[in-house]
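Undergrad: Since each chain comes alone in its own frame, lean on the hints to assemble the complex.
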Amino acid sequence: MHSSEIIGWFADIGLSDRPTVGGKGGSLGEMTRASIPVPPGFVVKTAAFERFLSALEKEEQIRPKVEALGTDQLDEITALSKHLRARLESSPLPDDIRSQLLAAHAELCGADSNAPVAVRSSATTEDAEDASFAGLQDTYLWVKDAQATLNDVRSCWASLYSVPSIAYRRKHGLPEGGVAMAVVIQRMVNARTAGVMFTRSPLTGDRSVVTIEGSWGLGSAVVSGEVTPDRFVIAKITGEISVRDISDKHVRHLPAPNGGVADVETPEHLRRAPCLSDDEIVGLRDIARGVERHYGRPQDIEWAIDQSGKIVLLQSRPETVWSSKDRAPVAKPAENPLQHVMKIFGGRR
Amino acid sequence: MTPIARAKGFPPPSSLKVVAGTESAQASFPYYMQFSKEDDERFWFYNSMHFPEPMCVFDMITAEAAYCALGSANTRVHSLPTTLGIDYRIINGRVYIGGNAVTDPAEIARRTEEFQRRAFYYYANWERLFAHWKDKMMGLIREAQALPKLELPEFEPLEHVHAGRGIASNHYILDTYQKTLEGYFRMWQHHFEFLLLGYGAYLTFFDFCKKAFPEISDQTVARMVAGMEAEIFRPDDELRRLAKCAIELGVDGQFREGTPPGEVIKALEQLGDPGVAWLKELAVSRDPWFNVNVGDGFYHNHRSWNDDLSMPFAALPGYIANAKNGERLERQTDRLVTERKQLIADYRELLETDDERAAYDQMIELAHRVFPYVEGHKFYCEHWYTNLFFNKIREFGGLLAERGFFPDIEDVFQLSHYELEAALVDLMTSWSNGSPPRGISRWPAIVRERKAAIAEWAKHPTPPALGPVPDIIDDPAIVMLWGITRENLDSWLATGEEADCNEIKGFAASNGVVEGIARVIKSADEIGRLRKGDILVCQITNPSWAPVFQNISAAVSDIGGSMSHAAIVAREYGLPAVVGTGTGTQKIKDGQRIRVDGGRGVVTLLE
Numbered sequence: 001m002h003s004s005e006i007i008g009w010f011a012d013i014g015l016s017d018r019p020t021v022g023g024k025g026g027s028l029g030e031m032t033r034a035s036i037p038v039p040p041g042f043v044v045k046t047a048a049f050e051r052f053l054s055a056l057e058k059e060e061q062i063r064p065k066v067e068a069l070g071t072d073q074l075d076e077i078t079a080l081s082k083h084l085r086a087r088l089e090s091s092p093l094p095d096d097i098r099s100q101l102l103a104a105h106a107e108l109c110g111a112d113s114n115a116p117v118a119v120r121s122s123a124t125t126e127d128a129e130d131a132s133f134a135g136l137q138d139t140y141l142w143v144k145d146a147q148a149t150l151n152d153v154r155s156c157w158a159s160l161y162s163v164p165s166i167a168y169r170r171k172h173g174l175p176e177g178g179v180a181m182a183v184v185i186q187r188m189v190n191a192r193t194a195g196v197m198f199t200r201s202p203l204t205g206d207r208s209v210v211t212i213e214g215s216w217g218l219g220s221a222v223v224s225g226e227v228t229p230d231r232f233v234i235a236k237i238t239g240e241i242s243v244r245d246i247s248d249k250h251v252r253h254l255p256a257p258n259g260g261v262a263d264v265e266t267p268e269h270l271r272r273a274p275c276l277s278d279d280e281i282v283g284l285r286d287i288a289r290g291v292e293r294h295y296g297r298p299q300d301i302e303w304a305i306d307q308s309g310k311i312v313l314l315q316s317r318p319e320t321v322w323s324s325k326d327r328a329p330v331a332k333p334a335e336n337p338l339q340h341v342m343k344i345f346g347g348r349r
Numbered sequence: 350m351t352p353i354a355r356a357k358g359f360p361p362p363s364s365l366k367v368v369a370g371t372e373s374a375q376a377s378f379p380y381y382m383q384f385s386k387e388d389d390e391r392f393w394f395y396n397s398m399h400f401p402e403p404m405c406v407f408d409m410i411t412a413e414a415a416y417c418a419l420g421s422a423n424t425r426v427h428s429l430p431t432t433l434g435i436d437y438r439i440i441n442g443r444v445y446i447g448g449n450a451v452t453d454p455a456e457i458a459r460r461t462e463e464f465q466r467r468a469f470y471y472y473a474n475w476e477r478l479f480a481h482w483k484d485k486m487m488g489l490i491r492e493a494q495a496l497p498k499l500e501l502p503e504f505e506p507l508e509h510v511h512a513g514r515g516i517a518s519n520h521y522i523l524d525t526y527q528k529t530l531e532g533y534f535r536m537w538q539h540h541f542e543f544l545l546l547g548y549g550a551y552l553t554f555f556d557f558c559k560k561a562f563p564e565i566s567d568q569t570v571a572r573m574v575a576g577m578e579a580e581i582f583r584p585d586d587e588l589r590r591l592a593k594c595a596i597e598l599g600v601d602g603q604f605r606e607g608t609p610p611g612e613v614i615k616a617l618e619q620l621g622d623p624g625v626a627w628l629k630e631l632a633v634s635r636d637p638w639f640n641v642n643v644g645d646g647f648y649h650n651h652r653s654w655n656d657d658l659s660m661p662f663a664a665l666p667g668y669i670a671n672a673k674n675g676e677r678l679e680r681q682t683d684r685l686v687t688e689r690k691q692l693i694a695d696y697r698e699l700l701e702t703d704d705e706r707a708a709y710d711q712m713i714e715l716a717h718r719v720f721p722y723v724e725g726h727k728f729y730c731e732h733w734y735t736n737l738f739f740n741k742i743r744e745f746g747g748l749l750a751e752r753g754f755f756p757d758i759e760d761v762f763q764l765s766h767y768e769l770e771a772a773l774v775d776l777m778t779s780w781s782n783g784s785p786p787r788g789i790s791r792w793p794a795i796v797r798e799r800k801a802a803i804a805e806w807a808k809h810p811t812p813p814a815l816g817p818v819p820d821i822i823d824d825p826a827i828v829m830l831w832g833i834t835r836e837n838l839d840s841w842l843a844t845g846e847e848a849d850c851n852e853i854k855g856f857a858a859s860n861g862v863v864e865g866i867a868r869v870i871k872s873a874d875e876i877g878r879l880r881k882g883d884i885l886v887c888q889i890t891n892p893s894w895a896p897v898f899q900n901i902s903a904a905v906s907d908i909g910g911s912m913s914h915a916a917i918v919a920r921e922y923g924l925p926a927v928v929g930t931g932t933g934t935q936k937i938k939d940g941q942r943i944r945v946d947g948g949r950g951v952v953t954l955l956e
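Sequence order for the protein chains is A and B. Under our numbering, the first residue of the first sequence is numbered 1, with each subsequent residue one higher. Under our numbering, the first residue of the second sequence is numbered 350, with each subsequent residue one higher.
Note that these hints are calculated values from the structure, not bench results. What you are looking at is a predicted structure, and each value in this text was computed from that prediction instead of being measured. One or more hints might be untrue.
Distance condition first, Cα-Cα at most 30 Å in a straight line; then the derived DSSO-like pairs of lysine-lysine [as the list claims (entries may be wrong)]:
1. B:Lys-559 to A:Lys-325
2. B:Lys-938 to A:Lys-343
3. B:Lys-629 to B:Lys-593
4. B:Lys-366 to B:Lys-386
5. B:Lys-615 to B:Lys-629
6. B:Lys-938 to B:Lys-808
7. B:Lys-485 to B:Lys-528
8. B:Lys-938 to B:Lys-854
9. B:Lys-560 to A:Lys-325
10. B:Lys-386 to B:Lys-800
11. B:Lys-386 to A:Lys-343
12. B:Lys-483 to B:Lys-498
13. B:Lys-559 to B:Lys-593
14. A:Lys-343 to B:Lys-690
15. B:Lys-559 to B:Lys-528
16. B:Lys-690 to B:Lys-483
17. B:Lys-629 to B:Lys-673
18. B:Lys-871 to B:Lys-938
19. A:Lys-343 to B:Lys-483
20. B:Lys-673 to A:Lys-332
21. B:Lys-854 to B:Lys-808
22. B:Lys-559 to A:Lys-332
23. B:Lys-559 to A:Lys-343
For reference, chain B alone in the conformation it holds in the complex (with noise of 0.2 Å):
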């Protein structure tokens, strides 16, 4: 698969074939997914941090919700002006995505002026705006929670009739489908209304830190600037608290490691008011706080905690562990608060203007105002909103397997989200006629092909990008969501040139060194491979991996910044991180000793 290096290039688009066999599976991603002769003019890069594993094609919403997002927040909303949106093509099951830079300094100038109307109003009023933020994340919760249950009743409920609704149930199919689309669409808008705003101002002072101080670690910038009471903390401080909970209500002993949680459960409800209490712990902590998927939120198989509790069930015992050794399980909030303000204090003195030192106190003071968002949006957008949007999509597909368009709910996921409306309108016609559903002689075929084109793609990994290399990379948006340098694109390039180089480069995380077994996990079904002590390596991780990282003994990433899930809680556990290395999966074998140096951002192989 190594790309072939040309001068200062990558493979053109053209160049990367559709696998055979394949071709229509493909072909089911919208054409204005597929790439085409033109696109060979352009830089392109997988992006492997968002989608890792080849997508599915109802799974491509994700893709589609979040570029219309992004791009009309830089273009249209707060006019960046060095960049517009996202292009994006879809093949083989993989996303690659290039920028959309302006150069033209006349129009750059214009879009400027612009920007400082419409950012600076962002930055003025975040708090306030911010407020109003969540307010509208909640509503739009609340909505998706109250979209009707999908039901086609023999007969109309006869209530309906003598209340003379005058509208049968088949036409609430397409109006509840057509709602949770444009929740979905309109959540990803929210997703943007700050996003890159708050990033710029996080790396304004990262910037300023890495000129004052040259060799300062991204890691530091960034403890600098964490809050300490984030909503991604909270899933898995919710799982200490639950620990605590079961020593003190004396039903620990239940949880042991390997035990299904259904049999935990059982267990507990059979142990009368203990066991009860316990679980009505657990419910409250389920609400919201299980709403965290395996995830990143772009795949419909990343189930949140709550659909599948096999993951904090499985955290449970060494927590439960833990704390009888006399380990605090809370988080010393008030030690992190007091540590990052002289963090701040040892830093500043540093400086060797007061100059200086005013314009570091005007860039953390902004920093910190935008954190809160930056830190917390993904719990409300990709997870908490995420996991109901494609459960609700799973109503749907359990309306269309019962009637045999395909055998399993899952499958619904296999049709694009325009097919799913045609064969939704398609079952409306059924129920309205009494004839048969004429999808049931089309879909399961098409469903079997498509699952096998994913399988297929999976085997085949593909080139980090495509395209020639362009002279700079100015896209602030670019840099900032993917950490995609001129430097890092360089050094993938190098890589396939040196191919036996058994050394892997990428972001220094986390602090330390560390050797050990490698555990390669591919996707998130994989996580129960992890042993205690062994070095996960993925492509990348999040929120709910947080667990995991009480039983390895360091993590190394494909994709991710200083700022990327992974850096921060492996940061909070203390164990060695190297994020970014961009080929880590693919070039360390399963089971492989490796040395990780969180410090230097380095990978060796040792065997």
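Chain A extracted, bound-state conformation (with noise of 0.2 Å):
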């Protein structure tokens, strides 16, 4: 198991890398050296991308035609789209890349070559974890065979040239030429449960909790908002719960029998029953406060409980909406000290 200039293992990469191996893979590399459970995985380096799109360059232009699209030419943005990504998603690999790839899959699936894996764009750009860009990227969930995994990879890149994407780049006039992507390839967990957390309150901000949602099954049901997920709150540092909000989680995305992922009716005795038990639940702040104190900064994080109970994070970033936010403070020293009894005593609080 090596890393070259195509293929970065997690445990060989981390945040710095975000250049050549987008910020999801970064992340995810970052974690598995600071020994936080992730499933897994390796990431398709940007090198890999721009060795298959110069091959497709020299076919046919593909980025000077983009960026003579004004932003507003919808009709002309789709027209492009349509054509660019028929084309990246029927392109051949180049050899030696589609030969690592397929050397590394095989490495990581081990015996079983049927092991399902989540294809995972994974964008270089700083704007690519801007809430506004972050989804026009594809995921595949659940894919089973190694040339499934291939033509996925060849999707993602594609993805890349979707109409929003395209129409996303133009507005903010970006160049084409910083546009790569990097594509993580990461070990399936068969989710029991799994959902998101995030280390500082979304509704107040507090940074004392860590708020939890999650539902049966995998998580894309939870992050995708198709089903109203349980919602608990623990204290970060006292382990307290003070809130359990059960929710009705009528659906559940399970594994498809031929891969890929399929809604399913929850069954009813589960669909009132908490997902997550208590022990779960302090396990979960446990792996939140640990993430916390190495980015030194709150985050949002993705997690997922196997069937056997154990629990890993699929994804981390950094909290951006309270973080942003300018606070007036609760409190400055007062020269006295008995004058802050005044917000007691002193009337019309």
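TA: In structure tokens, the structure reads:
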């Protein structure tokens, strides 16, 4: 298991490798190195995309054509997008990339060549962490063989040329030369329960709590908003669970028999049952604290719990909403500390 | 009984009628405690925290002395800027109270200036003044203990005559009675000397934490401030110590559930040395730590452990069993101190700026300075002194019962303190002139009538509040002492509208979720009905109930905040607790299955 210009195993990469492995890949590597539980995987680095693209550019221009588009030329954008995506998805990979990818896939899946993997886009631009940009690139779940994996890598690359992605870059005047994409390939967890958590309250910005949202099955049901998740709030320091909002979780995302994900109705006895035990809530809190401490700032985290009850993290990114807010200090030190009591005794609070 | 919720208001006092047939018992409360028409304009709430049961007319002295002292501390001594004292009224034996807010900005400014000259001096010199306070309280207790025994001998003792005392024994009846009342009123003055300032400093820190950490639980803030050696833990600690002694002395076999204390003591005496050694240890614990009463110090019938050993003795078999199972009985003070320190440091680290950390340090320093008083005063005031006081009144009761004023010593509490003084003067006169006392034909019927009235009043629940709801509750005394906020008044009003809702909300007092059988305990006399694993549902608990907590699985109380005793003791025992539910004892049925979520402050009725 060794990394190369094309392949970066999680254990060999970190946040500083972001230009070649993307934000998501860098974060997964960073966590792996910090001994935070992450399903194993590797990144198909941007160099692979660059070589694939430059091979295609030789046949027919890509980047100059995109740059030539005006912001308001929606019809032209749509036509070009369709054309480019079809090209990227159908063109063969350069031989050595293909063989390195297959070797890494085989190594990742070991004896079980059909072991399901996730193929996830990992963009390199800062903007990719912006909520308005995130989600414009594709992710493929429960991909079950090597050939399908290769196809999905190309689809991820192609998603850079989706209509919204092109439109977004044109609108912000981003140079096409700086656009590159890495792709994460990661073993998939057959999640019993999955979801997201925030190391500060999304409601109040409180840094002393971890807010956890989760539902049955794969986390995609929560991330996509298809199900109202259970919501738990646990005190970061004391471990007190102060909120347990159990919702009606009518649907689960489960692995489909032939790969991919299926929406499955939740059995009656699980719908209103809490998807996490108190011990698991505390376990998630412990991991969340570790991740936050590692990064030194509040985090948004995607997590899953497998069928055996083991917790793994799928992603962690910095929390941006509250961190960017200017907040007046709650109190300042007083020259005479007794002045503080006037807040209580002084009236009209 | 459900209050008829008007738009933003509770029923006016005038709509609350005296229960039919109890009019003369109601009239026994002095004129200044009776509602009048003008009171309809004001907001009142039922002080079920201190007076959860209808009170008999002597016991109103606890309201009278307490509100005189609370008001003078706020209004005249420390000059709280936005509030004067508390008004109170009694109807059907229920005590309603209302605050006297100061709203004129100029007056608030004037009072603020005074406050900073007065209250700030107390804060700045807290340790010295508090040490002085303890001396004063101990002096007061010694004085009460030294009050003379009451005697009306047939002939004045010869030595008095030969010494030329010149004052006969009947004079000392009145003198001792007046001193008894005087001491009690004085005790309440001292009770409020520090109280509001103490709560205020604590709330200052609490308020800061709630702003810096909007989702922090009340109990976490309380844990950061709570002391480890406070007097409120001592009675329970003594029981643990006695359990350990029993095992060490090999007499633990004598403590069995259900055996009356008298029998246990007799058996121990018969055992010889080890039994006698244990009884010596018991005597050490009893003075003063068994001077804790089973109520909150406001009812004569809430006897102390010293007066009735059944509560502490009922707890001993459990503590002995726990000790034998290898559980450490002593509270692990060192561990608690370390935990508290860590908790404070961990939250400090989460603050975002150095300024905030500096302010946090200042506020918690002040909260720690005041807290020994906040936690410790009750033992001296509401428990130790109050027990001495009620027991002294019992002596007067004995004197009167002996001479036929009423059948039972306890009947003395059916007379107001004014009436009691009259009866004593009647007795003094009778002793002096040889005629029978006039009271023997007067009091027995009145006592019967008043006892019947109290029993009747107890059957009629009373609205939690009366009159128009103020837009804002800005009175720090009311917020601090009773936890009354605009939000919980709104929820009380809503309760009237959605009577069938199966959730009851209160303060999240101690974390955890438990389902079990509710045992609704309406007065301290019913504690014996609790079985292992029951959920205690009560109006209020206090330190002497602590042993009960070793058996129950959760606690729910009608009134109280995160610093109430139920909350503190529940945290100590690691049991879920929801306090300040307002209506828990009325909505939960005895024997009903309920779920207590102490982290959320919600009680769910499951059947």
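Undergrad: None of the hints should be skipped; say for each whether it holds.
TA: Hint-by-hint comparison with the structure:
1. B:Lys-559 to A:Lys-325: 19 Å, holds
2. B:Lys-938 to A:Lys-343: The hint is violated at about 41 Å.
3. B:Lys-629 to B:Lys-593: 14 Å, holds
4. B:Lys-366 to B:Lys-386: 13 Å, holds
5. B:Lys-615 to B:Lys-629: Holds. Lys-615 (chain B) to Lys-629 (chain B) sits at ~14 Å (cutoff 30 Å).
6. B:Lys-938 to B:Lys-808: 15 Å, holds
7. B:Lys-485 to B:Lys-528: 16 Å, holds
8. B:Lys-938 to B:Lys-854: 16 Å, holds
9. B:Lys-560 to A:Lys-325: Measuring from Cα to Cα gives roughly 16 Å; hence the hint holds.
10. B:Lys-386 to B:Lys-800: 28 Å, holds
11. B:Lys-386 to A:Lys-343: This hinted pair is violated, its Cα atoms lying about 36 Å apart.
12. B:Lys-483 to B:Lys-498: Holds, at about 26 Å.
13. B:Lys-559 to B:Lys-593: 41 Å, violated
14. A:Lys-343 to B:Lys-690: Holds. Lys-343 (chain A) to Lys-690 (chain B) sits at ~25 Å (cutoff 30 Å).
15. B:Lys-559 to B:Lys-528: Judged against 30 Å, a Cα distance of about 46 Å means the pair is violated.
16. B:Lys-690 to B:Lys-483: 27 Å, holds
17. B:Lys-629 to B:Lys-673: Roughly 22 Å between the alpha carbons, so the hint for Lys-629 (chain B) and Lys-673 (chain B) holds.
18. B:Lys-871 to B:Lys-938: Holds: Lys-871 (chain B) and Lys-938 (chain B) sit about 11 Å apart, inside 30 Å.
19. A:Lys-343 to B:Lys-483: Roughly 29 Å between the alpha carbons, so the hint for Lys-343 (chain A) and Lys-483 (chain B) holds.
20. B:Lys-673 to A:Lys-332: Between Lys-673 (chain B) and Lys-332 (chain A) the Cα gap is close to 52 Å, so the pair fails against 30 Å, i.e. violated.
21. B:Lys-854 to B:Lys-808: 24 Å, holds
22. B:Lys-559 to A:Lys-332: Since the Cα atoms of Lys-559 (chain B) and Lys-332 (chain A) sit roughly 15 Å apart, the hinted pair holds (cutoff 30 Å).
23. B:Lys-559 to A:Lys-343: 13 Å, holds
The structure shown violates the earlier hints numbered 2, 11, 13, 15 and 20.
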